[in-house]
Amino acid sequence: MLRHIISMRDFSRDEIDIILNRAKDFEPIARGKKSSLLSGKILATLFYEPSTRTRLSFETAMKRLGGEVIDLGSVESSSVAKGETLADTIRVIGNYADAIVLRHPREGAARMAAEYSNVPILNAGDGAGHHPTQTLLDLYTIMRESSLSKLRIALVGDLKYGRTVHSLAYALSLYHADMTLISPKQLQMPDVIKKDLKKQGAIITETTNIEDVLGDIDVLYVTRIQKERFPDPAEYQKVAGIYRVTEELLKKAPDNLIVMHPMPRVDEIDPAVDKTKYARYFEQSFYGVPVRMTLLAMAMEAV
Amino acid sequence: MKRNEEDNPNNSSLKKEMRVRPIRRGTVIDHITAGQALNVLKILGIYGTTTAVVSVAMNVPSGVLGFKDIVKVEDRELEEEEVDRISLIAPNATINIIREFEVKEKHRVALPEHLDGVVKCDNPNCISNTSEPVISKFTVNKKPVELRCIYCDHVISEGIADHLI
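For the record, the sequence lines run as chains A and Z. Sequential numbering from 1 applies to the first sequence in this note's numbering. Sequential numbering from 1 applies to the second sequence in this note's numbering.
Since the hints were made in silico from the structure, they are not lab data. Don't take every hint at face value.
Said to hold, decoys possible - Residues of chain Z clear of chain A, computed beta-carbon distances all greater than 10 Å:
| hint | residue |
| --- | --- |
| 1 | G45 |
| 2 | R76 |
| 3 | I89 |
| 4 | D116 |
| 5 | I127 |
| 6 | S128 |
| 7 | E132 |
| 8 | V134 |
What the hints assert, rightly or not - BS3-like mimics (lysine-lysine), calculated; alpha carbons at most 25 Å apart, straight line:
| hint | chain 1 | residue 1 | chain 2 | residue 2 |
| --- | --- | --- | --- | --- |
| 9 | Z | K106 | A | K199 |
| 10 | Z | K120 | A | K194 |
| 11 | A | K194 | A | K160 |
| 12 | Z | K104 | Z | K143 |
| 13 | Z | K106 | A | K194 |
| 14 | A | K150 | A | K194 |
| 15 | A | K160 | Z | K106 |
| 16 | A | K195 | Z | K106 |
| 17 | A | K227 | Z | K143 |
| 18 | A | K227 | A | K238 |
| 19 | A | K227 | A | K251 |
| 20 | A | K198 | Z | K104 |
| 21 | Z | K106 | A | K198 |
This structure is a prediction, so every number in the text was calculated from the model and none was measured. C-beta: ideal position from N, C-alpha, C; glycine also.
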């Protein structure tokens with residue numbers, strides 16, 4: 001059975017715990033300790049949408065484990081520009097590589113790719129859909145820097161279009177987290193997702209103001225309001241820059257609060273916050289490497 | 001053997017009152033939600049080009065439902081999997097398989113667990129709405145009736161008949 005990584009919905013809490021615990025063992029390698037675990041293996045990266053950190057962190061993970069990476073390159077200069085279907089591309093690349101990392105603008109692209117692929121597919125984001133490796137590294141960050149048990153977390157920003165937040169909220173519901181959703185009215189989390197989360201056992205409250213809850217949370221998870229996800233630019237202008245986490249704001253925060261952000265940030269977190277004890281977003285982006293190492297190793301049956 | 005009067009095509013006393021004559025062989029779908037008969041045909045893939053004899057009765061008074069639709073398809077015994085799809089739009093429908101004017105099998109429709117290639121995902125950005133070689137696939141939640149696209153997770157809960165392919 002191929003181990004595709006498509007959606008957090010495919011994982012039970014036990015499976016997530018196994019991944020998170022294994023990721024710990026990969027941390028020294030992520031920090032530079034030599035490994036040849038995936039020596040002789042080839043990873044193909046197919047990014048139909050631009051990505052910096054996800055692509056580079058997958059590449060880093062693969063290379064630090066001794067493996068090789070081949071890249072589709074830009075969509076404009078590849079067979080895709082000639083009109084090749086994703087299904088065909090996947091079948092062709094699957095004959096070259098031992099696993100495929102895929103980012104695609106269409107929701108469900110990774111699930112379909114998995115139907116056609118003879119090697120594991122790792123979903124690195126499909127449209128406004130899933131981004132499970134980001135979710136796993138978010139969970140790992142919480143586990144390492146705070147705690148997943150009895151977690152009180154506030155998710156801030158674009159909760160309507162933000163794919164990372166949907167995946168993360170779903171996974172947190174498996175941990176029965178107490179979640180506060182903070183967003184402007186027009187960017188609230190879709191009802192269908194909230195209903196789903198409650199069904200899983202999440203406790204959900206909604207507000208439009210960070211200060212309302214700052215004193216009662218362990219994690220403040222900030223997201224960028226993504227211009228590219230807005231069908232109407234006028235709608236974007238109404239909400240751009242609405243939330244800004246500053247040193248001043250964090251004066252009201254409890255000592256053990258951590259601030260996370262999937263990055264890249266624009267102006268949601270003031271750079272002055274970087275040097276405070278609260279900031280964890282750079283650690284978070286580092287943790288992407290050991291987590292992706294774990295997933296690559298599992299996908300290629302090396303662990 | 002005494003044949004049920006309603007099922008006897010030669011019973012002249014009933015003949016004038018009958019809206020649709022009994023069939024010798026085929027499938028009768030009864031208790032269809034009034035107004036959904038044409039959608040039922042659509043789900044079954046029975047279009048104007050069919051060569052089968054198809055009878056449709058709409059808004060027939062019914063003791064249980066008030067009004068109902070009935071569809072009769074001659075010379076074709078519909079498979080359970082085919083007819084179960086009907087439950088999406090006509091949950092009370094009953095299926096009667098007829099042989100030699102007699103009801104040989106009778107059962108209610110039941111929602112299937114999965115639905116492939118019947119309903120179009122209403123998320124325009126879903127991979128199933130592209131030129132990729134992929135058909136729509138949904139998992140079915142029964143109460144309330146909701147379809148979840150296996151590709152994009154989009155949920156269709158209202159106006160399912162409007163999304164029939």
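Subject >> Hinted pair K106(Z) and K198(A), Cα distance within 25 Å >> reply: 40 Å, violated
Original post:
For the pair supplied as a hint, K106(Z) and K194(A), is the alpha-carbon distance within the 25 Å limit?
Top reply: 41 Å, violated
Original post:
Would R76(Z) pass as off the interface with chain A, using Cβ distances and a cut of 10 Å?
Top reply: 32 Å, holds
Subject >> Whether I89(Z) stays farther than 10 Å from all C-beta atoms of chain A, as the label says >> reply: Holds, because the least Cβ-Cβ distance between I89(Z) and chain A comes to about 21 Å, which exceeds 10 Å.
Original post:
For the pair supplied as a hint, K104(Z) and K143(Z), is the alpha-carbon distance within the 25 Å limit?
Top reply: The hint is violated at about 30 Å.
Original post:
Going straight from one Cα to the other, do K106(Z) and K199(A) come out at no more than 25 Å?
Top reply: 37 Å, violated
Original post:
Taking 25 Å as the top limit, are the C-alpha atoms of K227(A) and K238(A) close enough?
Top reply: 11 Å, holds
Subject >> Claimed clearance of chain A by I127(Z), with the beta carbon kept past 10 Å >> reply: 4 Å, violated
Original post:
Keeping to a limit of 25 Å between CA atoms, is the pair of K160(A) and K106(Z) held or broken?
Top reply: 47 Å, violated
Original post:
Holds or violated: K195(A) with K106(Z), Cα cutoff 25 Å?
Top reply: Cα-Cα ~38 Å, so violated.
Original post:
Beyond 10 Å from every Cβ of chain A: is that where the Cβ of D116(Z) lies?
Top reply: Consistent with the label, D116(Z) stays out of reach of chain A, its closest Cβ about 12 Å off (over 10 Å).
Original post:
Does K150(A) pair with K194(A) here, judged by a C-alpha cut-off of 25 Å?
Top reply: Holds: K150(A) and K194(A) sit about 19 Å apart, inside 25 Å.
Hints 5, 6, 7, 8, 9, 12, 13, 15, 16, 17, 19, 20, 21 from the list above are not met by this structure, while the remaining hints are.
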